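*Asks:* Full structure from sequences and hints, please.
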Amino acid sequence: FLPGDTARHHRAVILDLLQEALTESGLTSQDIDCIAYTKGPGMGAPLVSVAVVARTVAQLWNKPLMGVNHCIGHIEMGRLITGATSPTVLYVSGGNTQTWGFMDILITLR
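Letter by letter, the sequence shown follows residues 1001 to 1110 of the working numbering.
Hint data in this document are derived by calculation from the structure and do not stem from the laboratory.
Hints are supplied without guarantee of correctness; some may be wrong.
Keeping only pairs whose Cα atoms sit at most 20 Å apart, straight-line, the calculated EDC-like set for lysine to aspartate or glutamate is [claimed, not checked]:
| hint | residue 1 | residue 2 |
| --- | --- | --- |
| 1 | Lys1063 | Asp1031 |
| 2 | Lys1039 | Asp1005 |
| 3 | Lys1063 | Asp1033 |
| 4 | Lys1039 | Glu1076 |
Computed from a predicted model, the values in this text were never measured in an experiment.
*Replies:* Structural data, given as structure tokens:
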């Protein structure tokens, strides 16, 4: 993927995707507690595109904004889907290949 192409794709679909997610979930902006977005690491152009939309939505909806680490976002999705409580994870993603124990991440983030 080229960063510019990915950023253009994100900009082209993000608003429709947001509306579709709200519609399918039956939620409204009042049901949302906070706006989270991928802060990095990753390709600069797509990250900027998503950050702009997240900041705009957070301001329009008067919600707090939270930048999320891209790698940890993938790991947390895996925990959510599987119900794992203390996984050891092999995260393979190009330049971000790492093996982490979940407790190591928590300690590092503090």
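*Asks:* With reference to the structure, classify each hint as holding or not holding.
*Replies:* Hints, one by one, checked against the model:
no. : hint                 : in the structure
1   : Lys1063 with Asp1031 : holds (11 Å)
2   : Lys1039 with Asp1005 : holds (19 Å)
3   : Lys1063 with Asp1033 : holds (7 Å)
4   : Lys1039 with Glu1076 : holds (15 Å)
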